[in-house]
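Asker: Residue strings, one per chain:
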Amino acid sequence: MGEYTTQELISIFAMQGFAGISLFSVLLLMALGLAIIFGQMGVINMAHGEFMAVGAYTTYLVSVLSEQYFPSFVPYYFIFAILLSFFIAGALGYLAEFALIRHLYKRPLDTLLATWGLSLIMQQAFRSIFGAREVSPTLPEWLLGSYQPTETIDIPLNGLFVLGLTLVVTIGVFILMYRSSWGLRVRATVQNRVMSGAVGINTKKIDRLTFALGCGIAGIAGAAFTTIASTGPTTGSLYIVDTFMVVVFGGAGSLLGTIVSAFSIAQGQSILEFFISGSMAKVITLLSIVIFLMMRPEGLFASKVRK
Amino acid sequence: MLEVTDLHVSYGQSEVIHGINFEAKKNETLAIMGRNGMGKTTLFKSLIGILEVGKGSIKVDGKDVTSNESYQRVGNGIAYVPQGRMIFPTLTVQENIETGMEVSGLKRIPDDIYALFPVLQEMRHRKGGNLSGGQQQQLAIARALVTNPKVLLLDEPTEGIQPSIIKDIANILNEIQKTRDITIIVSEQVLSFTMAIADRIIVIDGGNFIHEDLRKDVDTEQISKYLSV
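First to last, the sequence lines map onto chains D and L.
The first sequence: position 166 = 166 (our numbering), numbered continuously.
The second sequence: position 16 = 1016 (our numbering), numbered continuously.
Honestly, the hints are just simulated from the structure, not real lab data.
Think of the CB as a built atom: it goes at the ideal place given N, C-alpha and C, for glycine as much as any other residue.
Heads up, a few of these hints could be off.
Said to hold, decoys possible - Straight-line C-alpha distance at most 30 Å; calculated DSBU-like pairs for lysine-lysine:
no. : chain 1 : residue 1 : chain 2 : residue 2
1   : L       : K1127     : D       : K106
2   : L       : K1167     : D       : K204
3   : D       : K205      : L       : K1025
4   : D       : K204      : L       : K1063
5   : L       : K1063     : D       : K205
6   : D       : K205      : L       : K1150
What the hints assert, rightly or not - Covered by chain L, according to a simulated footprint, are these stretches of chain D (three or more residues, beta-carbon under 8 Å):
no. : segment
7   : 177-190
8   : 194-202
Taking the hints into account, I'd like the entire structure generated from these sequences.
Answerer: So this is what it looks like as structure tokens:
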């Protein structure tokens, strides 16, 4: 690192750190949905990345449509696209749970296969509908450009926006899970499905809505994703491994763990990437996680109670 | 209040409950006694809907619940305190109780619940899993009571609980019986406990009822004989 001055190093850390924060935001949005579905319901949803892609494609569609038919709407379409992504991905998740997943709750390994199949189907559907080429929505102007606190530091505005969005969604999920009666029912069902039924909770309904919510949040992740990269049919599958890593490293079932874990993985990755190659950065991150999980298999945060 | 007619329950091909009939009246406490493996827990699980009923019918307050799922039966007035308590270990005591309030539509935990179980009020912010066995048993009863049941099922409430607490639980159940319009059905092996709470005692053996007595007519020696291996 000898060739950098201290000033430059600080700028590099700030900018790479911020790039890490954008990655962190998308990872966290993805992982929140997955933490609810995998951590809470125990379903290994391999198609989670595709639900993110659904959100991204929805955003793209809204962008194209508003450009063509309502040019005056273009500056605001993005907010609308986020909401629509949430509902479309959520509705698809609801359908998937109803048609596929609910028959497999007692067979966790089969859900893995079934959802993997679902992900292949969805990828092919994207390819047939939108083509194999990657697409990007036209970002509204207020998302372009950057904020320059000093001469050598450039903080992109889209990154700031995604960070804000992530913050809002995370707080929303926390309130929903830990402060609402719906969240209480979810947490009860997760711990003991049979007993939850026997205290009067309609567990099937809870499962379906929980799965839909997880997929809906993945849809929001997809909308956010369009601001930092372009979307292709396989976009989702690129992120699914990282997302699982985040959830497992954070401790399944712990939302706080998910946040800390997404942050450390994204930051580690992004800062390492600047000094060594991207694949080496990945190797180092993976290795550290493997070693960590060998020493602490339950992940970063696991709630402690008598068994 | 609870009417069970010709109830058959099976695990796969092997039938465990062979056509049981009984009726529990309003404000009655009924004890079903029997040794391990005689079908007590199976009977209770089929009453709350965890196990499917092969043949026969279950009626609560005249309403047939045989084809209902568990949560619907709870809505129709059955509450269940399972063997081993099965509280939610990572939820707090308060949250554990609140899971039962879905059906009854209560917004906050009624004062009479904490009056019955003062220890739960003290510990309401502790995780359920960190309570002692006796405290967890009280929590499971509280969770069942907030559903405002017409029929309360308790499966071996004294299992693994120290004698002094067993007495407390008997007192609590008598208190519940006095203050609410409720039918209590309890499965037990401890005769002294049933003698302290029950109006009527039925002995189950090999999936059939073989003996029935009102408490005042009970010959304890004879029942002990049924319960000894």
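Asker: Hint by hint, note whether the structure agrees.
Answerer: Verification of the hints:
Pair hint L:K1127 plus D:K106 holds up; C-alpha atoms about 27 Å apart against a cutoff of 30 Å. A threshold of 30 Å between alpha carbons decides the hint, and for L:K1167 with D:K204 the separation of about 39 Å lies outside it, so the pair is violated. In summary, the hint linking D:K205 to L:K1025 is not supported, as the alpha carbons are separated by about 34 Å, beyond the 30 Å threshold. This hinted pair checks out: D:K204 and L:K1063 have alpha carbons roughly 23 Å apart, not beyond 30 Å.
For the proposed pair L:K1063 and D:K205, the alpha carbon gap of about 24 Å is at most 30 Å, so the pair holds. Between the alpha carbons of D:K205 and L:K1150 the distance comes to roughly 25 Å, so the proposed pair stays at or under 30 Å and holds. Figure legend: the segment 177-190 of chain D, annotated as covered by chain L; annotation consistent (5 residues with Cβ-Cβ distances under 8 Å, at least 3 required). Restraint check on the segment 194-202 of chain D versus chain L: 9 residues with Cβ-Cβ distances below 8 Å, three needed, restraint holds.
The structure does not agree with the numbered hints 2 and 3 stated previously, though it agrees with the rest.
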